[in-house]
Amino acid sequence: MTSTWIRNAWYVAASSAELTDIPLGRRLCGEDVVLFRGPGGVVAALEDVCPHRGARLSLGRCREGRMVCGYHGLEVAADGAAAAMAGQDVSRIPRTRAFPVAERAGFVWLWPGEASEADEALLPHLPWADDPQWAYGGGLYRIACDYRLMVDNLMDLTHETHVHATSIGQKEIDEAPVETVLEGGEVVTRRFMEGVTAPPFWQAALAGAGLPTDAPVDRWQVCHFSPPSHVLIEVGVALAECGGREAPAERKVSAIVVDFITPETETSHWYFWGMARTFAPQDPALTATIREGQGRIFAEDLAVLEAQQENLSRRPHQRLLTLNIDAGGAQSRAMIARLIRDEAVPLPGG
Amino acid sequence: MTSTWIRNAWYVAASSAELTDIPLGRRLCGEDVVLFRGPGGVVAALEDVCPHRGARLSLGRCREGRMVCGYHGLEVAADGAAAAMAGQDVSRIPRTRAFPVAERAGFVWLWPGEASEADEALLPHLPWADDPQWAYGGGLYRIACDYRLMVDNLMDLTHETHVHATSIGQKEIDEAPVETVLEGGEVVTRRFMEGVTAPPFWQAALAGAGLPTDAPVDRWQVCHFSPPSHVLIEVGVALAECGGREAPAERKVSAIVVDFITPETETSHWYFWGMARTFAPQDPALTATIREGQGRIFAEDLAVLEAQQENLSRRPHQRLLTLNIDAGGAQSRAMIARLIRDEAVPLPGG
Amino acid sequence: MTSTWIRNAWYVAASSAELTDIPLGRRLCGEDVVLFRGPGGVVAALEDVCPHRGARLSLGRCREGRMVCGYHGLEVAADGAAAAMAGQDVSRIPRTRAFPVAERAGFVWLWPGEASEADEALLPHLPWADDPQWAYGGGLYRIACDYRLMVDNLMDLTHETHVHATSIGQKEIDEAPVETVLEGGEVVTRRFMEGVTAPPFWQAALAGAGLPTDAPVDRWQVCHFSPPSHVLIEVGVALAECGGREAPAERKVSAIVVDFITPETETSHWYFWGMARTFAPQDPALTATIREGQGRIFAEDLAVLEAQQENLSRRPHQRLLTLNIDAGGAQSRAMIARLIRDEAVPLPGG
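Line by line, the protein sequences give chains A, B and C.
Just so it is clear: in the first sequence, position 277 is 265 by our numbering, and no numbers are missing.
Just so it is clear: in the second sequence, position 332 is 320 by our numbering, and no numbers are missing.
Just so it is clear: in the third sequence, position 318 is 306 by our numbering, and no numbers are missing.
Calculated from the structure, these hints are not laboratory results.
Where a beta carbon is used, it is the ideal one built from N, C-alpha and C, also for glycine.
Among the hints, a few may not be true.
Said to hold, decoys possible - Below, in silico cross-link-like pairs of lysine to aspartate or glutamate (DMTMM-like), each with a Cα-Cα straight-line distance of 25 Å or less: (1) A:K159 / A:E182; (2) B:K159 / C:E280; (3) C:K159 / A:E52.
To be verified - Some chain A residues near chain C, calculated using beta-carbon distances under 7 Å: (4) H40; (5) R41; (6) A43; (7) R44; (8) L47; (9) Y59; (10) G61; (11) A65; (12) G68; (13) A71; (14) Q76; (15) S79.
Stated by the list, open to error - Label pairs and their in silico Cβ distance ranges: (16) B:E52 / A:W122: 54 to 60 Å; (17) C:V30 / A:S79: 58 to 64 Å; (18) B:A117 / C:V30: 56 to 62 Å; (19) A:A132 / B:A132: 18 to 24 Å; (20) A:A195 / C:R284: 51 to 57 Å; (21) C:T154 / A:S(-9): 38 to 44 Å; (22) B:S79 / A:A132: 32 to 38 Å; (23) C:L309 / B:A132: 20 to 26 Å; (24) C:L290 / A:R85: 40 to 46 Å; (25) B:A132 / A:A72: 49 to 55 Å; (26) A:R85 / B:E280: 57 to 63 Å.
Next comes chain A alone, as it looks inside the complex (with noise of 0.2 Å):
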């Protein structure tokens, strides 16, 4: 069976902070996964099952950069070679299936196909990463949908009017023309607002960035999809008349809405939520604050997502309609579409 997502390609699987000296098992992408710390702390990850009996290697322990099934004692090492089992020839035990996994920008990112095409090369460079000018703060949730309502979701920002009322809604995005292309191998939608009131969350960053709250604002989303399952939205307000995105820094306050959509099976996914920003960066308690405003947001889009999903699963031919508004969605949708086709052509000679 054809699954609905893109299997060559990196999906966040776990956040860095997540991945101790504890071994985490994980269903990514279809697969059984434990993600685990390998020799001098690399990550490394094994399908979720021992080769001896099939008990979760999850379950068991990581010692010296190896995971010791907790069932027998067998040790897996990180390339997935039965490497060690007290009184046992070890050279007999089949492999246990491993796969490419990188650490970068704060995750770690799992290749679910062909390990022989996983080039880091491909990981998305994430510009806050390691620059002290930028905070970064995050969740994560288990949603109980397809991945590709939330990718819907996120690429039209319309829904925050009706679903974020009390936060970052506000009439102005419904009623402000939204425009969508393709950009660079990403699916781009943007919508910009001019002389509107700051929504709650907005007057929040505006007082923690030292500026008016009461100000008339100009206010943008710009989301980026991009595959298998990324969307990064810049979002701000700037004073107004003070050329909007482009004002200088001193009179605006950004940030970009972090979204990394990993399936889990195909009517749920793992959801990767943050905020990467450029204001008060050195503000932990503003981070902290922020964080616990998204998630509050995000547990918003949670409820509507899963009663989405079950009104879909219960009818299996129901049409969704596409307005100007989902384009965004649509043609992400498309993207990932070609994508999974031009993945099920077989290779010269294959």
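For this one, chain A is given, so just place chains B and C on it according to the hints.
Using the frame of chain A, we list chains B and C on its own:
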């Protein structure tokens, strides 16, 4: 697939008290329905699916008599028309299915079948609804069994002796002969017990009406099944030798046990239960006491019926016995089956 | 369909202590069973389904040695005959299936197969049951895995080093050779460790018996599998160089780990675990301490086995390896498979 319930009929969807200005989502007769108050507070019912992206409308809000989808703000009118959406031409958005509904006698009634056949004249007349000589109290349970098992239960009160031994059961029920007849489109089951001791529930009622609680009484139970799945039970006790059910009002206490049973799925239903009484109708504390007692009693049925459903689900070929005491349920099921069969007959020229 | 368990055999259905005057409903070997005390307190077992309307008999009550259905009061005798019902001729009510049962050695035993083949002479002899030189304590877990994964677990105690590192595990178990033989219709697995340090569980036992806890000991584990799925394990430690398992009683502490394993469904089972011991048999506080310790230890197995079952259920074609340490489980499974095959052979003239 033929469903196991009649489609062209009025079912109770909610009590009037449940339907405030918050929309109410509920699965009824296999349909996802959102109930809300349309223009002027008149009840309305739509399929609980937004025609835009499949969101659950009942997670949205009700504004000026329209449902506003909580995802992107599409407004759907009470008749199902897409009525407004910021920046959109709603004329191209498909209608949402609207269900005929009516509010009557403290309940919201829904017609899940052909809208063109919905006739409010077919709504049952409930004498207690607008008459100060009557008081009514009740509640709602969701029960995980085929709704017909509840019809069986109510049309054979022999079970009171065993299921409700501490409240309304007594061994004389088992011993009194039961008579089942078809009468005016209803299945009627009658049982009379003469010169018995009142069980605890009726002792409390006698006390509430200022009558002696320890004198012998004549007791009666007359169950009326009418399609699609309503069971009204005339119940009461009169001081012995005063005429039983026909005794003068001051020598008896009587009531109607009200049971509106609405399928949710093939193996679950909504059970709207209550009691309408003519004794002490102006005593709200008594209404509360009776409701609490009924709630406890019907919870006993719930446990029995859900376990019965589990047994039957595991044994699809299990044959149920039909003893004489089961005649009421059997004839009610036969009436349901006949009406379902009639619905399947194409109309002339159809 | 062929089940994965032997049908014609005695399985533990309950401990005697569980079976009070309240009937006990339990799914055993794929059958819904109600256990109760029939005439004279003798155990009885019926299919847990009332022949009248399919109610669950175990929700009813036990009266004068009969099950009384909690729905309409049908009385079913211990042999399955419909015995009484108010106002009914019970001769037309079908019999309920009765299962052969026996109470022996503190347990209720059930024979799920052909009743005509049930022979109490086949019940296992449990030496500790009626002998004041022995003490017994135990408990019950429901575990969501194929019962044969539990047999594997118990017939290969290598897992103790890893699963039970803090109580009974020690690295010498892994290192000691294991021997598996067929002996008297049993699969027997033996492991001996000489001159080792006693692990915490056995140090406590040595202390309980008044022996030094820090002296080197000889330790043994002799696992006996007998059909259908009983595992009795002789375990103990003796002060080193006193003869090991054959040491005089005052130089050792020994016990039998008792494991009766009863399938519930294809992927779940009832695990009756306990320990019978000859040291300090008159010390009920020690019995309680051991039971608590065993309960903690077996809960560790539960977690491992349920995760193993999940892995295997998702991978129906996963092949399990059979290393030398797995010989005990493999031979036990082979014995089970052989007996199931024999049951499928039609009897002569059949």
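Results for each hint:
1. A:K159 / A:E182: holds, 13 Å
2. B:K159 / C:E280: Violated, at about 47 Å.
3. C:K159 / A:E52: holds, 18 Å
4. H40: Holds, about 5 Å.
5. R41: holds, 5 Å
6. A43: Hint holds; A:A43 Cβ to chain C Cβ min 5 Å, cut 7 Å.
7. R44: holds, 4 Å
8. L47: Hint holds; A:L47 Cβ to chain C Cβ min 6 Å, cut 7 Å.
9. Y59: holds, 5 Å
10. G61: holds, 5 Å
11. A65: violated, 17 Å
12. G68: violated, 15 Å
13. A71: violated, 15 Å
14. Q76: Constraint on A:Q76 satisfied, holds at 6 Å.
15. S79: violated, 12 Å
16. B:E52 / A:W122: 54 to 60 Å: violated, 45 Å
17. C:V30 / A:S79: 58 to 64 Å: Once the Cβ atoms are compared, 59 Å apart, the range 58 to 64 Å for A:S79 and C:V30 holds.
18. B:A117 / C:V30: 56 to 62 Å: At 57 Å between Cβs, range holds.
19. A:A132 / B:A132: 18 to 24 Å: holds, 22 Å
20. A:A195 / C:R284: 51 to 57 Å: holds, 53 Å
21. C:T154 / A:S(-9): 38 to 44 Å: At roughly 42 Å between Cβ atoms, A:S(-9) and C:T154 fall inside 38 to 44 Å, so the hint holds.
22. B:S79 / A:A132: 32 to 38 Å: holds, 35 Å
23. C:L309 / B:A132: 20 to 26 Å: Violated, since C:L309 and B:A132 (Cβ atoms, about 43 Å apart) do not stay within the stated range.
24. C:L290 / A:R85: 40 to 46 Å: Violated, since C:L290 and A:R85 (Cβ atoms, about 27 Å apart) do not stay within the stated range.
25. B:A132 / A:A72: 49 to 55 Å: Holds: the Cβ-Cβ distance is about 51 Å, inside 49 to 55 Å.
26. A:R85 / B:E280: 57 to 63 Å: holds, 60 Å
Of the hints listed earlier, those the structure fails to meet are numbers 2, 11, 12, 13, 15, 16, 23 and 24, in rising order.
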